[in-house]
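Residue numbers (our numbering), protein chains in the order written: chain L, 1 to 283; chain V, 1 to 275.
Be careful, since some hints might not be right.
[Stated by the list, open to error] Computed beta-carbon distance windows for the label pairs:
| # | chain 1 | residue 1 | chain 2 | residue 2 | range |
| --- | --- | --- | --- | --- | --- |
| 1 | V | Glu-219 | L | Gly-87 | 37 to 43 Å |
| 2 | V | Gly-26 | L | Arg-123 | 54 to 60 Å |
| 3 | V | Val-217 | L | Glu-274 | 39 to 45 Å |
| 4 | L | Val-271 | V | Ile-258 | 52 to 58 Å |
| 5 | V | Val-129 | L | Gly-101 | 26 to 32 Å |
| 6 | V | Arg-271 | L | Glu-274 | 47 to 53 Å |
| 7 | L | Glu-276 | V | Asp-260 | 41 to 47 Å |
| 8 | L | His-130 | V | Arg-175 | 50 to 56 Å |
| 9 | V | Glu-225 | L | Glu-232 | 35 to 41 Å |
| 10 | V | Glu-219 | L | Leu-160 | 34 to 40 Å |
| 11 | V | Asp-232 | L | Val-271 | 47 to 53 Å |
| 12 | L | Arg-123 | V | Arg-271 | 14 to 20 Å |
| 13 | L | Gly-101 | V | Arg-175 | 54 to 60 Å |
| 14 | L | Glu-182 | V | Arg-175 | 17 to 23 Å |
[As the list claims (entries may be wrong)] When the alpha-carbon atoms are kept at most 27 Å apart in a straight line, the in silico DSSO-like pairs for lysine-lysine are as follows:
| # | chain 1 | residue 1 | chain 2 | residue 2 |
| --- | --- | --- | --- | --- |
| 15 | V | Lys-242 | V | Lys-186 |
| 16 | L | Lys-52 | V | Lys-249 |
| 17 | L | Lys-259 | L | Lys-192 |
| 18 | L | Lys-192 | L | Lys-267 |
| 19 | V | Lys-257 | L | Lys-52 |
| 20 | L | Lys-52 | V | Lys-27 |
[Unchecked claim] Cβ-to-Cβ under 8 Å is the rule here; a few derived chain L residues that face chain V:
| # | residue |
| --- | --- |
| 21 | Phe-50 |
| 22 | Gly-183 |
| 23 | Ser-186 |
| 24 | Gly-212 |
| 25 | Cys-213 |
Read the hints as simulated data drawn from the structure, not as lab findings.
Even glycine gets a Cβ: it sits at the ideal position worked out from N, Cα and C.
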Amino acid sequence: MDANIHLAQIEPTLGNLEANLELHLAAVDAARAAGADICLFPELSLSGYFLKDQTAEVSFAPDAAPLASLRERSEEVSIGVGFVERGRDGRRFNAYAFLEGGKTLHIHRKVHLATYGMFEESRDLGPGEHFRLIESRYGRLGVLICEDAWHLTGGWLYFLAGADALVVPSCSPARDVSRAGEGLGSSRKWSKLLSAQALLFQSWVLYVNRVGCEDGVTFAGESRAIDPFGEEVGRLSGLGAGHLPVALDAHATERARLKTPLRRDEKAWIVRRELERLEGAAP
Amino acid sequence: MSEAGLDIQVELTEDLLVSFLRREAGKFGFSRGVVGLSGGVDSAVTAALAARAFGPGEVLAVNMPYRTSDPASAADAEAVAGALGLCTRTVDISAMADGYLAEGEIADRGRRGNVMARCRMIVLYDLSVEWNGLVIGTSNKTELLFGYSTQFGDSASALNPIGDLYKHQIYQLARHLELPAAVREKAPSADLFEGQTDEQELGFTYEEADRLLYLLVDERHDAAELIARGFDAGLVEAVVRKVTDSQYKRLPPVVAKISDRTVNQDFRYLRSWGR
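So that you can see chain V by itself, here it is in the shape it has in the complex (with noise of 0.2 Å):
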């Protein structure tokens, strides 16, 4: 049992990555992307990957904070885009949050979080017609395999560059695409409350699930024979059940079928369909 093959090769991962962008945004015209730029890792690399297959002046990248945002986020966000020379666009949400989130009075974390991140969604979709570009996704493999995001808000995009790889993956490219130290050094945080880190919320860390994952999806081990080899239960379970219970994130909704012919179950077209 090996997890070696979560060593990358970065060169030919990032020729890939780019060929799959230009080919995808040049599918439908496009060829200019829109980048919701944190000031994290995933996005750092999605905007660095969107900069060399489009060039970095045809990516805008935008950077949303609320304000409880952590001040930091937006400085190394700013860093990035001006290590890749990226057009640069800063949309505070505060105003177009609370008008909703003050109304009903929400006090609740998650939604809260959840909110602030399908505003961020609402502005990048809305800022992609004006720039003439699509939204580029910035969810890695391990947090799709989690449901690790909020559905309809930092999930969407129309093409993600990085979904297939895992965050130990998103850290190699990083480094070989020379992304800022401070970006490549902090600990992840989705930055919706003060002080939180996905590993905290998570109750692992990435290395940990990395590995997991890898073994499970990639390799397909199952959870029996990883326990057997010295791999916690406990642990194993939690992964298990996260990426079980997560699977509605992963797909369309669901379409209840009447007619003999049903959108996504027997009427199949790929998104290339023609193109």
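Chain L on its own, in the form it takes in the complex (with noise of 0.2 Å):
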């Protein structure tokens, strides 16, 4: 998979869909003029993180208005961008959609809901089920929602089903100042996460995360970029707003998986055999 790609670390204002908007068209024609290929932006980009009851009143299908204008401009630029999705059904989900050539190509609903401690989502929205590659004219694009990212599951089937790239939009809180280690202590645990997600998948990791202040909590922001060898290959710092270009190119993916054939060697079928054999156990 060659392409630019533009990870867009915006400050979206909570439950103020026309505002982010703005700041997502600003940010999208900032890409296309810097010749990227590929625009990413944050997990619930469009409407803020912590909405509680507001959940409800920002959601939309994915047909709806706040995504049309988006969709216009991905005929020049691809765009990842995060939103409450209201399903037909009346289901909130925490999505995200892949927009491309005009056309919604793509939309990832977070499977892993963070419920616990400061994070309440299952309160207000559904899970996803499904974990589907993207079929990007630029390459295969698997997404993990932020939480997605802490269990190996969507990782790996991305991984068995061939991806090239892993997209990890984010919204981190900024937590742990402890000087036990440099930095927050919560960025440290996300570059040990993301290294092993590219180390055991050889995928390309884009990690976007937001910036901004939400009733006291702090968005870490420290998007990055790992290349398919665990290596960080590019970080933004402090905790402002900015966008960081990241070339991907096939042939560090390519040379990853012929030096260490792991696709090759994995051996999913004994997952399947063994999950039947523990469905099948008495608990």
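Dock chain one against chain two, each of which comes alone in its own frame, and use the hints as you go.
In structure tokens, the structure reads:
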């Protein structure tokens, strides 16, 4: 997969679709001007994160207006954007749309909703049930929305399906300023996690986090890119909005998989057999 | 079991708190702050953070002595304001507090202290209108967890940058922010009556309390485990009781539920709603 990626680390306003859409359009224009092929936004980039009762109020169906102007822009630049999807049956999902060539190519619904500690996603949102690859004109992409990346399930399924890159949009809060380590503790965990995903699945990993504050919670930014060898190749610093250009090259993936043929040696059938055995076993 | 996490990266913490103040105030159209500057380390750290966030000239530091307050407190507050270059105001609350205290012949030390703390709150909130700035809070995490403050008094604020920092961490930040030594070194006191110190009133030291609170609250060890590992049982129990008994101070008033949708129960919105 060869592509110029533009990670748009933005600061959305909580529950203000109109203002956030303006931010998106400006960022897409900047990406296009910089020669980007794909512009990626953070999780829930159109709505903001701690929505609580606003969740339903800012939700919309994928064919509704807020995505239309971005879809138009996607004729020139492919776009990954986060929003609250209103399902036909009334369920709401933490969703990520991939727009390309004026169309909605794919919508990923976050499977692993974060519901512990400061997070309460399952209260307002339903879980997704699929990990399906995006067949972009630039390559095959798998989306893991934030907590999705804390489980191996999604990344592994994308790996089996032949992903070139994993896109990890996030709203990760800045936590842990302990002197026991350098930088944010939360950010160090992300580094380990993203590198592990890249290394195990021999894919590019594109992590795009947001910035800004929602009632005292500061989102940590530090959007970054990891190559298929698990090495970080770029990262934004500071707590401000910005963008990170990343040049993805297919040769890196090819070389990683040639040196260590993990995909070739994977034995997914063992997982199927063992799952069947476990599910058949008495609890 | 480790309390190593109690030591913080001061520059990173400063960056987060300065960003917090700017952004949270900015959402409501404010770029100025009002801080009650007592001469103690908590309000000094708060004022220093506000000065970095808004600029020293945009922060109004208000010293509010009562006639029995230690004059050294006012001198320390002045030193802090001078070092930071803040705009200052002194409002003597004696007449205001005595108007009520004398009338009611109130002698109880606790009640008198609470009245003074609430008088200071009235002054700060009033001046915040004149100054066109938000009241910036000065309660640290140790105090919040113990409920060691006056409800609707010194605990009242619009934004609190230091409420997730233990006293131990406040001192680290105070050193980093180069606050005057006198403020960093004196015994913490609410200065509500002569000779009062926090640690005497609490019955243990901040160092002991912070270690325990960190292990209980942040690291989620339980009390029985801590006692089994050699922490003094009386101390652990006293700390746990203080935290439990003061929960009411950390929450908004309890609203009786009558309807299907009740404020703060199932009417759930952030302050940042639409901002």
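Against the structure, the hints come out as follows:
no.: 1; hint: V/Glu-219 x L/Gly-87: 37 to 43 Å; result: 40 Å, holds
no.: 2; hint: V/Gly-26 x L/Arg-123: 54 to 60 Å; result: 29 Å, violated
no.: 3; hint: V/Val-217 x L/Glu-274: 39 to 45 Å; result: 40 Å, holds
no.: 4; hint: L/Val-271 x V/Ile-258: 52 to 58 Å; result: 53 Å, holds
no.: 5; hint: V/Val-129 x L/Gly-101: 26 to 32 Å; result: 55 Å, violated
no.: 6; hint: V/Arg-271 x L/Glu-274: 47 to 53 Å; result: 49 Å, holds
no.: 7; hint: L/Glu-276 x V/Asp-260: 41 to 47 Å; result: 46 Å, holds
no.: 8; hint: L/His-130 x V/Arg-175: 50 to 56 Å; result: 53 Å, holds
no.: 9; hint: V/Glu-225 x L/Glu-232: 35 to 41 Å; result: 38 Å, holds
no.: 10; hint: V/Glu-219 x L/Leu-160: 34 to 40 Å; result: 38 Å, holds
no.: 11; hint: V/Asp-232 x L/Val-271: 47 to 53 Å; result: 51 Å, holds
no.: 12; hint: L/Arg-123 x V/Arg-271: 14 to 20 Å; result: 19 Å, holds
no.: 13; hint: L/Gly-101 x V/Arg-175: 54 to 60 Å; result: 57 Å, holds
no.: 14; hint: L/Glu-182 x V/Arg-175: 17 to 23 Å; result: 19 Å, holds
no.: 15; hint: V/Lys-242 x V/Lys-186; result: 24 Å, holds
no.: 16; hint: L/Lys-52 x V/Lys-249; result: 24 Å, holds
no.: 17; hint: L/Lys-259 x L/Lys-192; result: 22 Å, holds
no.: 18; hint: L/Lys-192 x L/Lys-267; result: 25 Å, holds
no.: 19; hint: V/Lys-257 x L/Lys-52; result: 19 Å, holds
no.: 20; hint: L/Lys-52 x V/Lys-27; result: 19 Å, holds
no.: 21; hint: Phe-50; result: 5 Å, holds
no.: 22; hint: Gly-183; result: 7 Å, holds
no.: 23; hint: Ser-186; result: 11 Å, violated
no.: 24; hint: Gly-212; result: 6 Å, holds
no.: 25; hint: Cys-213; result: 4 Å, holds
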